[in-house]
Amino acid sequence: MHILTLYQSIARWFLLLTIAVSLAACGGGSGGSDDDSTQDPTSPEADPSYSINVELRDLNTDELVANPNPEEPVRVHVTVKRDNGDPVASDNVTVTTTLGELTPKSGIVKTNDSGVATLELSVEGLEIGSAGEVIVAYDSVSTDQAPYSPLRFSIEEPSLKLGYLDSNQQFVSGKLEVLAQNLSSKGTTPVSVYVQGPDGNLYSKKIQVEFSSNCSLSQPAVATLDSPVTTTEGKATSTYTAEGCEGQDSITAALVTYPGISASGQLTVMPPEVGSIKFVSAEPEIINIQGSGGKETSEVRFQVFSKDGLPMSGVEVNFTLENGDGNVNLASSSGTTDANGEVIALVSAGRVALPVRVKAIITDSNGNSSHTFSSDLVVSAGILDQDSFSLAASVLRVNGDAYDGVTSEITIRVGDDDNTIPDGTAISFKTEYGRIAGYCTTVDGDCSVDWNSQNPRAPLDYKFIGDDGVEHSLRTIFNTTCPVTGRMGGFPCPQSLGQPYGGRSTILAYALGQESYTDANSNGQYDTGETFIDLPEAFLDHNEDGAFGNPGSIGSCSPNCPQVAGDEELFIPLNNNGKYDSGNGIYNGLNCSEAAEADGACSKELVHVREELVILVAGSEPYGIFRTLDDDYTSSPEVEVELGGATHLYFYLSDLYNGLLPEGTTVKTSSENCKVSHGSDEIDFGPELVEFTIVAANDAELGPEYVKVEVNVPAPGGDSDSGVTKTWQFKCTVK
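Residues in the sequence shown are numbered from 109 upward in steps of one, following the working numbering.
To be clear, the hints were calculated from the coordinates, so they are not data collected in a lab. Warning: the hint list may mix true and false statements.
Derived CB-CB ranges, DEER-like [claimed, not checked]: (1) 456 to 683: 16 to 24 Å; (2) 174 to 273: 26 to 34 Å; (3) 805 to 589: 36 to 44 Å.
Idealized CB from N, CA, C, for every residue including glycine.
Just need the whole structure built from these sequences, with the hints factored in.
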């Protein structure tokens, strides 16, 4: 209830007094006439010989109340007197109301000796402005009948105020207590309001307060406030959190049930500072080279955040490409973030199939720049590093020289310096011979592609003159004399025949990443002086000598390479300078510390991390030669073994390239008197060495027998019946 001024109080007293006098006059005696014979006792206007006075009063102060409010019940004060002014004592009156609840609910109360009867009226929970009437009935008189009238009222807002307590604990109406007037871009601050009751003290009853602000009501909301909040001992506190709001924000607190009772305050949210940038997505992740008919462009999306972690709009982001090829293009070298803090770099492919990453760079108000990279066409924690790059093949010796379409699954396993990597990282592949898929994308750090046997199976242009006097592309046991045995013409050689090797295909896997280093002080950064792997540009090592040997490329080892036959090797360009580059002598990777970068000891520019393996594209026909303990190489050896004794015989087994035969090849022996067992070993760049152990049991029959050695090379798919089987034999004599 609003506090009444003295003038208003006096006016209401006169109004109520006038009503009471009117009731008394109408319900009094003869009204100046002593003749009662003309009055109808059944008429509503019959003289009741008494008066009824009805008032609303404050329960605590007993002051007159014009209208009740939902927070405070009022007293209905009824006075019944006879026409001579004597009170009607100890008699029941009946009180009813059209709005609210009476206590007692029956409305029947007894007058006291002064003719006064009282009861309570509550309008709690009812709508402000609603109108009602209080009607009193006594004997045959009711105040809702002429000439009387009921006591009419309307529900008004309670006399509550919202505000705050100043430093002197004085109540300041209409203002909120905002602890932080200047707030960071994602800061929080308490906002408090106090409720003052009609008596000038803090309102002790619990009541709900609704908090809101311009920023919290915007769409989308860029600030939050706890709301509604229930008061405790007259105080309600909400927490304001800035979630993108900038500049001045006006805050309002209002009583939930009485929104007209409110208080307000302001605070200023400071502009955010540029904090970080992350890679969001590349759609699609893989684009096709020009003219291939596929998708040739990708939208690479980044998001910029303030130091408080909120998306920032209006930030300029610069883009560069990390591939060094020159065939991949950016539609624009910069962009500006939208309302969600996002910006898009549009990448279009050229005519070279290479992995590419987009580098996105932001600069803060102090001129400090930071950057991140996209995945290969998140930015999260992982960038590939060299020593976490591992390559494996499901089949290392495929029966692929004579058959097309024989496959081996090539699996790359990658990681960053913590051996984890986000999904979707693209790994590229190249193969010397056969065919391989150009890329795969990782899931849980792994991905696989299939290598297929097909042409090419030999160098395109490299030639040499064999020992047979004919020009060849690859060395075989038919065109090269074995240095150990002096043989040529279909016999395996116990050592390599030399370059160019046949039946071997180098496979290269590569992607943009960082060099590996030893983190001596475990600070997660490369520091000056720490050991690292200095990587040259990646290349497909045809002759397996570890040196790039294409004589047509600047920077190759030609003509002083460790091995010949590297003429057709290709490198993966990183900086597009037109030549093959060795390592730059410094660490390359995102772990480059600021101090080491300032020393010139490292760079945050990425390199190609890589791994190679060699698949044997083996011939399907086996070739063999025996070696005795006397180092005699022969196709039909003879061995002797004493009764109860043992001896050994060696058998070299290869394909036409003097290499290992396909996986699944079997060696079986059959004999009766001489018991033969065998084991095998592999010779680098050479054949398989089978060692036969020959035993003559004590009960063996004396004399010679021929031991048969059967070699089966199954057809692709493991079918031994449709494969190639050849048989050799040696003479075994038991003495």
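So which of the earlier hints does this model not fit? No numbers; nothing is violated.
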